[in-house]
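For reference, the chains in residue letters:
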Amino acid sequence: MRQSPARKSSNTAVTTSLRDPNGHVCLVADRVIRIVKPTGLNDLKTFLDSPACAEFLERQKLVNTRFLDANAVAKVLEHEEVRRVYEQTPGAAIFEHERVAFLSFPYEWPAEMLHAAAELTIEMAQQLLADGLGMKDASPYNVLFKGPNPVFVDLLSFEPRVAGDPTWLPFAQFVRTFMLPLLVNKHFGISLAQILTTHRDGLEPEEVFSLLSPLQKFRRAFLTLVSIPVWLAARQGAEDAKIYQRRQLNDPAKARFILKRVLESARRKLAATAPRARRTSAWSDYMDHNNYSQDYFPQKQRFVSQVLCEQQPRRVLDVGCNTGYFSAIAARSGASVVAIDYDPVVVGQVWRQARAEQLDILPLVVNLARPTPSIGWRNAECASFLDRARGRFEAVLMLGVIHHLLVSERIPLAEIIKLTAELATDALVIEFVAPDDPMFRRIARGRDHLFSDLTKESFEATAVQYFDIVRCERLDQTNRWLYLMRKISNPRSEISNPKETLIECFEMQQ
Amino acid sequence: MMYADPGSGVLIWQILLALFFGATFSFSKLKTWALNRFRPAHKFERAEEAYAAKSGSKVE
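Same order as they appear, the protein sequences are chains A and B.
Going by this note's numbering, 455 is the number at position 435 of the first sequence; the sequence numbering is gapless.
Going by this note's numbering, 274 is the number at position 14 of the second sequence; the sequence numbering is gapless.
Any given hint might turn out to be false.
Okay, the calculated bits of chain A under chain B, using three or more residues with CB under 8 Å as the criterion [as the list claims (entries may be wrong)]: (1) 132-145; (2) 178-188; (3) 413-420.
Here are some of the chain A residues that sit facing chain B, going by a computed Cβ distance under 7 Å [what the hints assert, rightly or not]: (4) Pro225; (5) Ile248; (6) Pro249; (7) Leu252; (8) Ala253; (9) Gln256; (10) Ile263; (11) Tyr264; (12) Phe277; (13) Ile278.
To be clear, the hints were calculated from the coordinates, so they are not data collected in a lab.
Beta carbons are placed, not taken as given, at the ideal position from N, Cα and C, and that holds for glycine.
Excised from the complex, chain B in its bound form:
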């Protein structure tokens, strides 16, 4: 339940700020996804390490 008068100009400004920060959040998530998706070397190394950990052997 809202008590305070939300104003109009300040509220619109806050909404615009929220859109900006929301965009940075989405961009950050997209960047993380892209890095994970398009760096196969790293992906291969991680798969190798995971296999080694499972079988108990050492990775050279």
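This is chain A alone, in the form it adopts within the complex:
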């Protein structure tokens, strides 16, 4: 089960994983503690001692884990919530996992990342075979991302295999949670956010079958994953539970051969669900096709690079990252970047680049105007994006974004600035776009009168309630200004003359 906060106690320890019968995961002051019940302990130890585990750790495919000795346990038990859970679990053992920098959930991933998580899962299932081990489940919630790289985190998913068992029982879950959402996304354009936010256990073949035309039902992409299972299930009686009984062959070599072939077949089918590399969307070619001057992006790049060099933030949030141009600059400067955009196609492109160049960028499909909410049991199993992001970033980039929030989403400027003050602990790099900017007018679509009060001065007056303006620079041949702002510890009431707090301002020669 994943590390997601469910309940908060007064000393910030949080318990979760209420669904796992073999243990609980607690977040204790930035540490990830797993309390393992005796029923799951032997399986976990068997896995941790296996060659497969050692290889996964070496290749950084598995989260680092250590068993806590008595002294370390005593320290952890000082936290009330952990002690409460531990006392309710007689005979439990405590392990600590390495903390993944930023928690993310499958409904925030672009298709490329869900596919990568699926590849990791099936690769692990194949490698475990040689060590006589198997998986109890195959869900995207078992995987997190460290930057662009998937890492398996649910160590209670492993168990010794019955030697004569030729079936991979999590296969149906693998198909429902990985392959069918990817298939539906690829062929029908339905977003993973739409599917996985409301369908925790993915899509049933019957649900996909209902989307298919008569001809599509016989297409290779859908025949074995959707149509045949639906036809077979229809012939199966609802009361007949015989098919769920475990099967045992007398020949373990034959069982292993069969399982190996089934996993290879699943891997080939998974390859066919991979999202196409050259997808396009409304924003995918924004960097190449726009009306800006030749010096516009170089000037922005210089400004952002200079800020990153001076501030040296360890964690950066890039809001409205588009194809990740500035996220890459931040990552190359040594920061760990979370890059968000509402367009899954561009976020997928960011992931491909980050993976290829091994840049520490975690790209997520998040619309800041409607960020992912808390979902799950009691709306508490999977924390909202804002709860995970608040106060976690030394620097926030909001380049070419706020006019979209103002115009398309009708979010008041004061609210936008207030939210950025919650997200950033120190620096904010923000691009103010004046209402007479061509892009602003284009998206306003005749509603310019609604923004007659929006000026550079009113923007600054709002911003200085939460930030000091350190630097300001007008972008070449535009009505856009870039600002570097530093967060102040106590918000001010509205200031009439923001120039009192402005340190430097540059106007580019027109």
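Given chain A, put chain B in place with the hints provided.
Only chain B this time, still in chain A's reference frame:
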């Protein structure tokens, strides 16, 4: 211990696949056995080589 819902249609399909792969495994084993059993020339040559190796002489 199984955690995940095994589904029904996908499970039946997997069982059918398993039967197919199981059949290919059995066929492969049968083919190997048959080749070993019904190729006496090879069998004789191997017996000759084994004898030669044991006695230290060369096979012509």
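Each hint tested on the structure:
Residue count for the segment 132-145 of chain A with a Cβ under 8 Å from a Cβ of chain B: 0. That is fewer than the three needed, and the coverage hint is violated. Counting residues of the segment 178-188 of chain A whose beta carbon lies closer than 8 Å to any beta carbon of chain B gives 4, which reaches the threshold of three, so the coverage claim holds. With a threshold of 8 Å between beta carbons, the proposed coverage of the segment 413-420 of chain A by chain B is violated, since 0 of its residues qualify and at least three are required. The restraint placing Pro225/A at the interface with chain B holds, with a minimum CB-CB distance near 6 Å, inside the 7 Å limit.
Contact between Ile248/A and chain B, as hinted, is supported at the beta carbon level, the nearest pair being about 6 Å apart and thus within 7 Å. A hinted interface residue such as Pro249/A counts as satisfied when its beta carbon comes closer than 7 Å to some beta carbon of chain B; here the least separation is about 3 Å, so the hint holds. Look at Leu252/A: its Cβ gets to within about 4 Å of chain B, closer than 7 Å, so that hint holds up. At a threshold of 7 Å, the smallest CB-CB gap from Ala253/A to chain B is about 3 Å, leaving the interface hint in force.
Checking Gln256/A against chain B: minimum C-beta separation of about 5 Å stays under 7 Å; hint holds. This hint holds: Ile263/A has a C-beta 6 Å from the nearest C-beta of chain B, less than the 7 Å allowed. About 6 Å separates the beta-carbon of Tyr264/A from the nearest beta-carbon of chain B, less than 7 Å, and the hint is met. A cut of 7 Å between beta carbons decides the hint on Phe277/A: the least distance to chain B is about 5 Å, and the hint holds.
The interface hint given for Ile278/A is met, as the beta carbon of that residue sits about 4 Å from the closest beta carbon of chain B, less than 7 Å.
Violated hints, listed in ascending order, are 1, 3; each of the other numbered hints is respected by the structure.
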